[in-house]
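Novice: The residues making up each chain are set out below.
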Amino acid sequence: MKHILPLFLALLMGTGLMAQNATLPQNITLRTIDGQTVQSSAIQNNGRPVIISFWATWCKPCNRELNNIKEVYEEWQEETGVKIVAVSIDDARSAARVKPHAEGNDWPYEIYLDQNSDLKRAMGVVNVPHTFILNGEGEIVWQHTGYQDGGEEELIEKVRELTQQP
Amino acid sequence: MVDNIMKRKRIVMIAVAACITMAAQGQGLLGGHVTGNVQLDGQMSSADSTIGAQDVPEKLLMNARADILYTNGDFSAGLRFEMYQNPLLGFDARYKGQGLANYFVAYNGERLSVTLGNFYEQFGSGMILRAYEDRYLGLDNALMGLNVQYRPVEGVTLKALAGKQRIFWDYGEGLVRGVDAEVNLGSLVKAIGESRFRATVGAGFVSKYEEDETVPSAANAEMRLNLPLNVGAASVRADIGYGNWSLQGEYVRKGQDPSAMNGYVYHPGEALLLGLTYSQRGLSASLQAKRIVNMGFKSVRSQSGEMLYINYLPAITKNHTYAFLSMYPYATQVNGEQGLQGDVMYKIKKGTLLGGKYGMDVHVNSSVVVGLDTTVTGGAGTEGYEVKGGLGETLYGDVSVEMAKKLSKNVKATVTYAYQVFNPVVENEPGGLHHNNIVVADVSWKVSKKHSLRIEGEWMGSDSHYDANDPEHNDRRAGDWVMGLVEWNIGTHWFVSASDQWAYNDGRGNYYNLSVGYTKGATRLQVGYGKQREGLLCIGGVCRTVPASNGLTFGLTTSF
Amino acid sequence: MKKIFIWVMGVMGVMGMGACDKIEEGEYTIYDGAVVSWTEGAAIADPVQRAYVEKYTGPRCSNCPTADVTLAGIHNDRVVVVAINHPVGQGMPYPGQPDMRTDGGTAWDQYFGINAIPAAYLNRDRSVQFLGEMGNIVSAIDAALGETPAVGLEVSATQGTKVDITVDIQFLRTIGSPLTLTAAVVEDSLVYKQLMPDNTVDEGYAHNHMLRKVITGFWGRDIEANGTEGEAVRGTLSFTPSDDIKTENCHIVVFVSDKGTRRVLNCASCRIE
Numbered sequence: 000m001k002h003i004l005p006l007f008l009a010l011l012m013g014t015g016l017m018a019q020n021a022t023l024p025q026n027i028t029l030r031t032i033d034g035q036t037v038q039s040s041a042i043q044n045n046g047r048p049v050i051i052s053f054w055a056t057w058c059k060p061c062n063r064e065l066n067n068i069k070e071v072y073e074e075w076q077e078e079t080g081v082k083i084v085a086v087s088i089d090d091a092r093s094a095a096r097v098k099p100h101a102e103g104n105d106w107p108y109e110i111y112l113d114q115n116s117d118l119k120r121a122m123g124v125v126n127v128p129h130t131f132i133l134n135g136e137g138e139i140v141w142q143h144t145g146y147q148d149g150g151e152e153e154l155i156e157k158v159r160e161l162t163q164q165p
Numbered sequence: 000m001v002d003n004i005m006k007r008k009r010i011v012m013i014a015v016a017a018c019i020t021m022a023a024q025g026q027g028l029l030g031g032h033v034t035g036n037v038q039l040d041g042q043m044s045s046a047d048s049t050i051g052a053q054d055v056p057e058k059l060l061m062n063a064r065a066d067i068l069y070t071n072g073d074f075s076a077g078l079r080f081e082m083y084q085n086p087l088l089g090f091d092a093r094y095k096g097q098g099l100a101n102y103f104v105a106y107n108g109e110r111l112s113v114t115l116g117n118f119y120e121q122f123g124s125g126m127i128l129r130a131y132e133d134r135y136l137g138l139d140n141a142l143m144g145l146n147v148q149y150r151p152v153e154g155v156t157l158k159a160l161a162g163k164q165r166i167f168w169d170y171g172e173g174l175v176r177g178v179d180a181e182v183n184l185g186s187l188v189k190a191i192g193e194s195r196f197r198a199t200v201g202a203g204f205v206s207k208y209e210e211d212e213t214v215p216s217a218a219n220a221e222m223r224l225n226l227p228l229n230v231g232a233a234s235v236r237a238d239i240g241y242g243n244w245s246l247q248g249e250y251v252r253k254g255q256d257p258s259a260m261n262g263y264v265y266h267p268g269e270a271l272l273l274g275l276t277y278s279q280r281g282l283s284a285s286l287q288a289k290r291i292v293n294m295g296f297k298s299v300r301s302q303s304g305e306m307l308y309i310n311y312l313p314a315i316t317k318n319h320t321y322a323f324l325s326m327y328p329y330a331t332q333v334n335g336e337q338g339l340q341g342d343v344m345y346k347i348k349k350g351t352l353l354g355g356k357y358g359m360d361v362h363v364n365s366s367v368v369v370g371l372d373t374t375v376t377g378g379a380g381t382e383g384y385e386v387k388g389g390l391g392e393t394l395y396g397d398v399s400v401e402m403a404k405k406l407s408k409n410v411k412a413t414v415t416y417a418y419q420v421f422n423p424v425v426e427n428e429p430g431g432l433h434h435n436n437i438v439v440a441d442v443s444w445k446v447s448k449k450h451s452l453r454i455e456g457e458w459m460g461s462d463s464h465y466d467a468n469d470p471e472h473n474d475r476r477a478g479d480w481v482m483g484l485v486e487w488n489i490g491t492h493w494f495v496s497a498s499d500q501w502a503y504n505d506g507r508g509n510y511y512n513l514s515v516g517y518t519k520g521a522t523r524l525q526v527g528y529g530k531q532r533e534g535l536l537c538i539g540g541v542c543r544t545v546p547a548s549n550g551l552t553f554g555l556t557t558s559f
Numbered sequence: 000m001k002k003i004f005i006w007v008m009g010v011m012g013v014m015g016m017g018a019c020d021k022i023e024e025g026e027y028t029i030y031d032g033a034v035v036s037w038t039e040g041a042a043i044a045d046p047v048q049r050a051y052v053e054k055y056t057g058p059r060c061s062n063c064p065t066a067d068v069t070l071a072g073i074h075n076d077r078v079v080v081v082a083i084n085h086p087v088g089q090g091m092p093y094p095g096q097p098d099m100r101t102d103g104g105t106a107w108d109q110y111f112g113i114n115a116i117p118a119a120y121l122n123r124d125r126s127v128q129f130l131g132e133m134g135n136i137v138s139a140i141d142a143a144l145g146e147t148p149a150v151g152l153e154v155s156a157t158q159g160t161k162v163d164i165t166v167d168i169q170f171l172r173t174i175g176s177p178l179t180l181t182a183a184v185v186e187d188s189l190v191y192k193q194l195m196p197d198n199t200v201d202e203g204y205a206h207n208h209m210l211r212k213v214i215t216g217f218w219g220r221d222i223e224a225n226g227t228e229g230e231a232v233r234g235t236l237s238f239t240p241s242d243d244i245k246t247e248n249c250h251i252v253v254f255v256s257d258k259g260t261r262r263v264l265n266c267a268s269c270r271i272e
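Line by line, the protein sequences are chains A, B and C.
For the first sequence, numbering that gives the first Met the number 0 begins at 0 and goes up steadily by one.
For the second sequence, numbering that gives the first Met the number 0 begins at 0 and goes up steadily by one.
For the third sequence, numbering that gives the first Met the number 0 begins at 0 and goes up steadily by one.
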């Protein structure tokens with residue numbers, strides 16, 4: 000029993016060092032807001048960066064984040080070509096409200112439903128909101144949990160770093 | 000016995016962990032990458048008679064877990080370590096202990112996915128099968144077995160699975176088997192794909208096998224029940240859209256399933272979930288209807304409580320987030336309920352009288368849930384009851400109006416009014432209906448580029464009252480309440496918040512809370528001190544009772 | 000891969016279709032009793048024919064102790080006795096005395112239509128009821144013991160957290176009709192008031208072979224076997240004795256009977272080890 004903990008810590012340290020080149024999990028089944036199934040590999044942006052934001056209709060900070068980004072999204076796209084993919088973790092209780100919620104809020108994002116949290120689990124997300132930045136190769140280069148007003152500045156700064164690299 | 004099994008499992012899993020570590024270390028040779036997360040929650044609580052908090056003899060309670068996922072191309076393997084020494088207040092004492100709670104290997108190809116070990120899965124909306132986990136509720140009904148998913152052509156998904164469900168540190172005896180098929184007609188039929196019409200249809204079947212056991216009949220103790228060893232549940236569903244409209248429906252039926260949940264009656268189960276939505280830019284409306292008859296479906300018939308559910312029955316009420324709006328949460332009544340929910344979101348345009356400079360969001364939601372209209376015909380070992388078409392007693396109802404408006408470039412305000420009717424019967428408590436009026440004002444102010452403030456005030460007026468000595472009225476939520484909260488965000492990393500809830504009419508103690516949090520990247524640390532009200536913590540219509548506590552809490556999460 | 004998957008789906012589909020039991024209304028309940036699980040058994044060495052005596056008695060029945068004397072005189076390891084207190088009248092306990100009536104015993108009593116005690120049946124042969132002093136039961140038992148056994152039957156029982164019972168059955172000739180196995184627990188040396196032939200009440204009377212519980216359900220469990228000559232099956236079952244049963248004073252009694260006529264073909268008993 001007592002041997003497990005050190006072993007685990009060693010394992011965690013080992014894994015922590017290798018968090019660099021994790022990629023977007025492929026072949027996880029998601030749903031579009033029109034109810035069709037797609038594989039997670041559909042999340043891509045022709046070699047340009049992608050922001051994946053895990054959210055839920057009932058999550059206030061998530062909604063603040065996505066609403067605040069909406070106001071600057073056009074500028075972001077012109078500047079960096081970034082695409083935002085908003086993955087809802089709403090389960091059957093509120094899944095039917097994802098589409099009206101997104102359209103009611105006039106969100107210009109690509110939206111997927113992850114009703115049983117399969118992608119959320121595969122990407123190691125604990126709480127929403129949780130945001131990832133993927134580079135053009137689909138590698139996870141940055142992630143952030145929670146949202147505080149102004150958090151979007153840090154987000155776009157990281158995207159700029161990616162696009163300004165030679 | 001169980002301990003020994005778990006010990007043996009642990010040894011095997013240490014070997015697997017070591018293999019994963021080695022594979023990960025040697026990624027130059029093997030490739031692949033490792034992701035995961037770690038979470039640690041601790042609690043210190045001392046007795047406080049004013050709120051009913053008990054002393055914690057072990058001083059410090061702690062829950063911890065780590066999920067580790069190794070991925071290499073189409074292959075992945077994962078494991079989860081959990082520790083409850085001792086479980087936080089409100090978590091089942093049977094979680095006490097530590098070890099590997101979840102492990103699997105999986106192949107996820109373009110057409111075929113196979114998982115061996117622990118897995119999560121959902122058929123349709125989950126009303127016949129949903130293996131899922133909610134760490135905050137202490138729920139995990141992961142299946143241990145085999146899960147196969149096959150997508151022969153674009154738009155067709157077939158699933159098959161078999162396994163046993165996790166219960167704390169063991170697996171339930173019942174064997175769960177299921178098949179499911181889903182077809183997106185738009186992908187198969189070109190004419191549909193090119194039209195404005197969208198349609199996805201699906202069907203599933205789940206069967207549970209459990210050995211016979213002796214359950215006495217209610218009418219005659221020397222008679223035992225002739226139990227069905229195999230219990231089946233089937234589902235048909237469709238998701239149809241045309242232009243801005245969409246219609247979703249699922250109908251499920253369950254065979255005879257006498258169980259501790261339903262008092263061992265033989266009435267078959269059924270449930271219907273219907274939803275109609277309309278949406279366009281800036282306006283959306285939805286209407287949902289639900290009816291459940293005896294749909295509690297567990298892999299072990301003698302289980303009561305929240306573990307070992309095979310299916311998931313979503314609550315039809317809105318998932319409110321403000322403290323007083325969610326003070327009386329509604330939990331799905333798996334033995335029977337019927338309800339309606341309507342929801343309208345509208346954006347009042349900029350430049351109009353109400354919209355002002357920035358526009359205004361209006362969100363109206365209302366739901367009502369009533370029981371079934373039944374005639375009881377007997378107890379354990381009978382059909383149990385007859386269901387008629389009428390309405391049973393009122394279980395829950397609410398209407399809420401939320402208006403959100405940006406007042407200036409840096410100030411945003413949200414005002415919510417709600418009226419709520421709550422029947423304590425849904426928590427198996429006596430006392431009759433509570434009627435509550437709730438007002439919430441929530442203002443966020445971006446003070447400067449680095450600082451922002453959020454101020455929240457809430458009031459709840461109720462026709463219920465609190466009396467510690469009257470079992471009909473000893474619900475500590477009863478009475479009139481006020482609450483204030485200030486949250487100060489410093490940069491994007493720090494926040495400090497202070498709040499207080501106070502039942503001002505009967506002099507009950509203040510429930511104050513102070514907390515400080517720090518976030519950097521995917522790591523978040525939070526420390527809080529204060530008093531926590533006893534009550535139900537609910538997510539998705541599933542609830543767990545949390546006892547009152549008084550003291551320090553801390554939490555750390557990180558993802559990598 | 001594709002073929003394997005289709006095969007898996009097919010098997011699970013077929014399993015699924017059959018995997019829903021429908022129980023007809025009116026069959027929701029069955030008699031309480033332990034479930035017997037059946038496996039292949041081993042041949043029984045030296046099978047013997049035993050005699051099963053079911054005796055209906057009662058604490059307020061003055062002739063019953065006389066019947067006890069008769070049965071005690073012939074009781075040996077080839078005669079298995081089960082004593083049942085009549086549910087009404089002379090079978091009722093004295094005030095403040097332990098009530099040894101059981102639901103199983105009452106069901107049997109009613110089935111045989113017992114209206115006077117003492118009464119007894121040998122091998123549940125309904126054509127002959129032994130009454131009173133039961134003098135002629137001795138010769139009847141002798142005759143029954145002289146028959147060639149149709150089934151061999153042995154029983155053993157061990158006490159753990161519950162009592163585990165193992166029953167071995169061998170068909171010594173082919174039997175076409177379905178058979179059932181009944182198991183019961185009987186207790187000796189139960190001391191409570193008994194009306195004696197001289198109309199005094201003996202407060203220290205020791206009652207033996209008293210039925211305490213029918214373990215299998217009142218009419219037993221079906222024996223899962225083809226019934227062909229030489230076939231051997233083993234049945235295992237268990238039960239948890241209630242706290243008022245002293246297992247050290249108990250015997251486990253088992254008998255094999257015809258499901259239709261309920262006539263007993265053979266019986267056996269053992270102590271709980």
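Hint data in this document are derived by calculation from the structure and do not stem from the laboratory.
Wrong hints could be hidden among the right ones.
A partial selection of chain B residues facing chain A, derived with a Cβ cut-off under 7 Å [said to hold, decoys possible]:
hint: 1; residue: His32
hint: 2; residue: Gln38
hint: 3; residue: Ser124
hint: 4; residue: Thr156
hint: 5; residue: Asn225
hint: 6; residue: Asn229
hint: 7; residue: Asp238
hint: 8; residue: Gly274
hint: 9; residue: Ser283
hint: 10; residue: Ser285
hint: 11; residue: Gly358
hint: 12; residue: Ser407
hint: 13; residue: Thr491
Ideal placement from N, C-alpha and C gives every residue a C-beta, glycine not left out.
Novice: Would you mind marking each hint as holding or not holding in the structure?
Specialist: Results for each hint:
no., hint, in the structure
1, His32, "holds, 4 Å"
2, Gln38, "holds, 6 Å"
3, Ser124, "holds, 4 Å"
4, Thr156, "holds, 6 Å"
5, Asn225, "violated, 34 Å"
6, Asn229, "violated, 25 Å"
7, Asp238, "holds, 4 Å"
8, Gly274, "holds, 4 Å"
9, Ser283, "holds, 3 Å"
10, Ser285, "holds, 5 Å"
11, Gly358, "violated, 10 Å"
12, Ser407, "violated, 14 Å"
13, Thr491, "holds, 5 Å"
When the structure is compared with the earlier hints, violations turn up for hints 5, 6, 11, 12 and for no others.
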